[in-house]
Each structure stands twice: as structure tokens, then as C-alpha cells.
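Enquirer: Residues per chain, in single letters:
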Amino acid sequence: MPHASRQPARWTTPTRLALWALSALVAAAVLLPTVYLFVRAAGADPQVWAGLLRTRTLEILGRTLLLAASVTAASIGVAVPLAWLTTRTDLPLRRAWSLILPLPLVVPSYVSAYLFVSAFGPRGLLQGLLEAPLGVTRLPEIYGLPGAVVILTLLSYPYVFLSTRAALLRMSPTLEESARSLGEGAWSTFWRVTLPLLRPALGAGGLLVALYTLRDFGAVSLLRYDTFTRVLYVSYRSFDREGSALLALVLVVLTLVVLGFEAWLLRRVTQPTASATRPPRILPLGSWRWPAFLFTLGVAFLSLFLPAGLLLYWLIRGLNSGETLMALGGATWNSLLGSGLAAALAVAAALPVAILSVRYPGRLTRLIERLTYASFALPGIVIALALVFFGARQAPFLYQTLALLVFAYAVLYLPQAVGALRTTLLQIPPSLDEAARSLGRRPLQAFWEVTVPLLRPGLLAGASLVFLTAMKDLPATLILAPLGFDTLATEVWSAVSEAFFARAAAPALLIVLMSSLPLAFFVGRD
Amino acid sequence: MKKNHAALATTTLAALALVSACGPAAAPTAQVIRETVEVPVEVTAPPIVITAPPEQVAAEPGRLVVYSGRSESLVGPIIAQFAAATGVQVDVKYGSTAEIAATLLEEGANSPADVFFAQDPGGLGAVANAGLFAPLPEETLSLVPAGYRSPAGLWVGVSGRARVVVYNTEALAPEDLPADIWDFTDPVWAGRFGWAPTNGSFQAMVTAMRVAWGEEKTREWLTAMQANAPKVFEGNTNIVEAVGAGEVEIGFVNHYYLYRFLKEQGDGFAARNYFLPGGGPGSLVMAAGAGQLETSANPANAQRFIAFLLSTVAQQYFASQTYEYPLVEGVAVERGLPALAELNRLDVDMAALDDLAGTTRLLQETGVLP
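Chains as they are written, first to last, in this note's numbering: chain Y, 7 to 532; chain S, 1332 to 1701.
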């Protein structure tokens, strides 16, 4: 029964109800921290409300939005060319770059920003290198907005890179080729055909970048740019839970603003009808080949090679001065276990939400899908304390168990899985399912045999993203992990917070290594 | 099995006593201390007495849950010593003091924790003020000087952390530095110093200023310092690194960070500590400390652990491994550090430093904090 309408009654009622129920459950779980914030904020005394309206607070709100917008724009500016170069052109070492370019995502921001400052700070390594031959005694300031934008862009552009790359790979080359055959040049084809088709991918990736920026604490504090999250931390550190909750609710509102903005940008995006049936033609870059290569190398150098190299340098310097390596087997296993379970849970939770929002588009399903982002801009400490509140009081049997930690990871990082699944699902025409059903398959069977295999890149991408962000997670792990459950991230934190750099280097390198594995796996399959 | 434990404990402690008896010249590392567990029995130094009565050692040693606001690299080895010496199964949650305290406040009566081991008086105060601590026995409390324990007996100081000025040795000599922290308000210091206003120890110092100087003078100091354009750092570590690199000439930090840099990078590291001789809030010596949770399921072990932290072994550990000040009398400080008694310390009760909310408000009003 092929329906022409956008909302075909394609699945049986029980299946559809189950889909709704599951999605509602997921949304409720993600909203748990927000509920806690309301409970706490209700107890805030009027003085706190007055404090919220300080001009300084409003000014910081403005600064925060400015940072989020700048980082998102810069990430798109860096990531789209890179995605295009690695999928559509004869860029040298194209496949290797596809594996390398997403990796900066795995470097924790507190580590990356620290390394960035020690390399490019006014009296950092670079200055040291330049002093002897050139007599440079001071480099320009890196602190403040420019430094924060640069660092956060280098850390988060992979969100846009991955979503754009996936979209480019699945986009039917016929559209671009028709444009070319009608006489459009390469540039104008890109601007007028490719870029508009990339809008959902840019939206999904950009959204994650913007929310990541709102939530980040490590980079902005090391680069001395006051954002709302810093205000929130200052408040938490003075043990003012009510005031902190109120501030966190402001972050929830900011998230809604960002989500609304994204929805507004994508208000007239149409679902592409055809998906890639064959690989696109490779565009020869000609004389642009080496400049493009240098650009790619530059991004990879700043975002990955430099931090990894500095970590190695710390490690070697430490080993030379007699530092012994800690045994990291336990922490590595814990990291793999926690992040792996989190990836599985997040993808399982994201699946019904993504299906519902793509196959049954409507206000309510869109709302449910958007709600899964509610916790993503909240700093980990907010989520963690909310779960301490519910866990210790309502579910003591779950408190300080691996189950609760994995649940926290899933709540925190769910949007990454939802985003990856949604963008993939959008490119799988429902007509394929319907064709299978017209050949006698039952609805779920058709979905399982036709859509799920096509969905696999999205499943892998979502799982990998959750895996690696959970692996570098610090605040939730410190507060919610079972007793004695050390992870690589907590080992790094423990060493760095006490200035034992050599000890921090080994676990930090292991985080990068461990999280590159799934990334290499799913990028390598494309 | 039990006997083995006791024998091992004695051996460990004896070996430890030997190691520490060798003094700073032996420069034991954390690794060395861990290895001493393997030392054979012929070592015959007098064992260090833990305040637990013997029948308790013989009984089932049980469990202990410690929430530590001090990081594993600092206190992990000494907690392991306690576990090895007593046979108690110790589980530790590590985090920053503020976040652990927030967790304890959120857990309330359902907390699984037995002991909270905090880095600064602010965290201890927050938990004590929420009524979550049980009073400690008098014999434990009386081991440390009066200013370094809660007057209500709710927590006890374990080690001392002095506020110092760290200066770049290429830019400055000790003679160039003033006696009192107030004097850095002089415009000659403009643009030359770094501080970390989000740091708990810095905030404790500002709280001490409010106690010693009063609200108005502290506000004046903060405003004048702000006018001197301080470089804002995230923590003490970053400041010491920046001072060593010459990015700023001086920084306001705790004393022990420097020694870790000296250990990793050698004596060429271009920064040294200056203990302000003025006796004002800049000469504050704070305490890291511990308290027992009222809801503790293992109160006997909790008290034993806190008493152990004040034993000679543990106090020597803090002196030689974390370069802090032992608070129990008769334990020597690490070489190169002035003795606690030689410092012209600010005379202030640690328990008076618990109004972190007021300090945060003042820091925000003066624009020091966002």
C-alpha cells in the first residue's frame, strides 16, 4: 500500500505506539536534570534572582553567545572545505586525512587548551624556539576571545566535518553533475547545489559545536574568556546550589535559543530524493593541490599532531627524570567498558527518537527530538549532581554503580547519536521500505532488512561519537563513578591538577589512541 | 591470614620509619614507599603506633569509604599504607574539594561516605555547616594546634599549606618584594603578577582578609589589585609555570607547587617561593583536613583513619611527599622549607574561613570573578 502522503500509516498501531512510548521515555530521562534544576531553583532566595539580573551576568550571556556563534561559524569554515577535499578531490593522502581529521575530538579540552597555552603562550615553547635565532621575546596575546575561538574550533570542527563528510558521501552525484553539464563552474556548483544540500548536515554538526561551546569549561577558563559556564562553576564552588541551579536553567534557555535558531535556519529544507548510487567523480585540484594539502596539514598539525607531540615530549622528559609509568590497565579497561556501554545505550535510545522524528514528522515528534538536546549544553557537573540527587535518594541500589554512570553518559551525549542517526535516516527514502513491503515483508521485517543496513553508517557514527566523548568525560565520571572506578580521564585529571605532567601524558595519549580505534573503524568503512 | 596482616603491617611501618629516618637526603619518592611493603622482616626499627586498640586490629577489619577532595597522586599512597597496615578495605572517591562537598550535600543522609578528606577549610566548613559531620574524639583533635581544628570538634586539620608569593628569579630578588600582601596594590606592580581567583586556596585567603582586615579593606585591596591588571590563571599550577617561564614576574599561590616543578625540571626552573614576613592575610597557613560523616556506616574505621592521618608516618609522608607542613608537633618539614614556627603566620582560626558565599559575592562585586 504505497501512500503518497508524507505521513503514511506504514507501521502497525502497536509498533507505532511502542515507538512513541520509547521516545517519550527517552525524552523524560533526558529531562531529569532539568527537573532537578527546577526543584533546586525553587529554593533560591530573592537575592540570587537579583544577582541573575546583574548587568555583568547579561554581559556574560552576550559574550557566551558571541563565542558560540564564532566557534560554530569558524568550524563550518574549516570543516566544509576539509570534508569536500577529502571526498570529492584528488587531495594527496585523501584517505589518511579522513581518518586523521576527526581525531581532535578525542583530545579533552582541558588538555588541549593547556598544551596550546604552553606552546603559543606569551613565553611558551614557540617563543623559546624563536628567541635564539630571531630575538623574539614576547608573542602576541592568545588569551581572550580569539584564543578561545581558535582552540574550541580546533577541538570541535570534527562534528561538522563528520556530518558533512557523511552527507557528501551519500549525496547523489547526479545533481552536481547536472549542474556542471549545464555549464556551471566548480565554485558555483558548490555554492548553488552542494552547499544547499548540505544544510541539514551543517545544522546537525553546527548545533553540536554550538552546544559544546556553551558547555565547555576547560578551554575558556585556561584562555581567560568568561562564559556563562564559568559563572556557573564559580557559583557551584561557593556551595550555592540554589543559585547554581538558577544559572543552569539559564543555560537550558540558551540551548533552546540555539535549537530555535537552527530550526529557523533549516525551515525550508527538503528531503533529498535520491541517494548515492555510485561514487562521485573525483575533481582534479590542479595547481590547488598542494595549497589544499598544506591547509589540511595545518589544521591537522594544530589540532592533533601538536598536542600529541607535546604529550609525547612530556612523557619522555618525565621518563628521563626517573618517573615510572603507572599501571594503566585497569583505567583503560574501565574507560573502554564505560564508554562502550554508553555508546550502545545512547544509540539504542536514539533510534526510536530518530525514526519517529524522520518517518512521522510533526510538531510533537520534532519536539521530542529537540528535547534530547536539553542536557547537552549543561556542564557535566549539573547532570552529575542531578543524578546524585535522584540516585542517592530515590534509587540507592543504583547509586554509585556502573549502570548509573552509563545512564549519565547516555543522557549527556545522546544528541550526538540522535543527530547522526537522523541525518542518515533522512537520506534513506521510505520508498525502499515500502518496496520491500510490497514484496511481502512485514513492516518491522522490511525495516530490519532494508533500512537498518543502510542506517549502519549512522549507527556507527553515533556510537563512535558517544564513545569518545564519554571516554574523555571528567565531571560526571568523578562524581558518579563507582568507588575505585578510575578511568583514563580521571588519571589525567589527577596528575594534571597536581602538576605531574609526565604522569598525565601516558593516560592522555591512551585516550587519544583508544578513541581513535572506533573512529578509524567507521570512517574507514565509508 | 590475620597474623600475616599484622606482621606485614608492622614490617611496612617499620620500613617506612626507616625510610623517613633517613631523612630528606634519601629523597624517597612515592614509588619507594610503595615498594617498602616488600621489605623483608629483618628491619628492626620501632614500629609506629596507630591509635587503634589491639583487639580492634584482631577483629574483622571491615570497610571504609573515603571521599577525597585531594587527588590520588597526592594522597593515594598514604591511604594505601593505611589499608595495608590495618587490613581495612578502603574505597576512595577522588574529586576536587568543591565538587565532592557539593556531592555530599546532595547525597545528604544517604551518603555512602565515612570520611571526607578536604583540601581547604571552605569545603570542610560547607559540610560541617550542613550538619553532616559527627564530632571527633578529643584525643584526635588535641594532636593539632587549636587554630587548625573545628572548635566544635567536627573536623581536624591534617597538613598545612602556606600562601606564598612565587617570583621569577631572573626578574626579581627577595629584597625587591614587600613584607605585606597589601603593598602589591602599589601601581609599580601593575601588569606584573598573576592570580587564580577561582581557586579554593585563593578564596580562602580572601576570606582570611575579610576576617583579619574587615570587609571594606578587603574590598579596597581587591579593587586596587584589579586596577593593577592581574593576569588571571585557572590554578596554582598554571601560575607557577607562568612565573617560571617569565610570563609574569610574581604569582600568589600555595607553597608546595614549586617543589614539584623543581623535581621534574631541576633547579634551573626560574622560580622560587617568598614567604611574606608581614604576618597579614598573605602569610596565611591553611589546613587540609578531614571529618567523619554522621551517617558513616563504619565510624570506628573512620576515626582510626583520621587518627592515622595524624600519626608520625602519615605526617612524615605529607612533609616529604607533598611538601606540606605537618601539623603534629615533632615532625620535621622537608629540606628547603622554613619551619612552621619560623613563619610569621596570620593568627586566624580555620573554622572562621567558612563563609565562601560571602567571599564569592565580594569577588563578583569587585569584578574579580565573573
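Some clues are possibly wrong.
Here are the computed distance ranges between Cβ atoms for each label pair [stated by the list, open to error]: (1) Y:ARG60 with S:ALA1477: 38 to 48 Å; (2) S:ALA1628 with Y:TRP26: 41 to 51 Å; (3) S:ARG1394 with Y:LEU300: 52 to 62 Å; (4) Y:LEU132 with S:ALA1601: 13 to 23 Å; (5) Y:ALA526 with S:ALA1510: 22 to 32 Å; (6) Y:LEU262 with S:ASN1675: 47 to 57 Å.
Just so you know, the hints here were simulated from the structure itself, not pulled from any lab data. The beta carbon of each residue, even a glycine, is placed where N, CA and C say it ideally should be.
Enquirer: Taking each numbered hint in turn, which are not upheld by the structure, reported in ascending numerical order?
Expert: As far as the earlier hints go, only 5 is violated by this structure.
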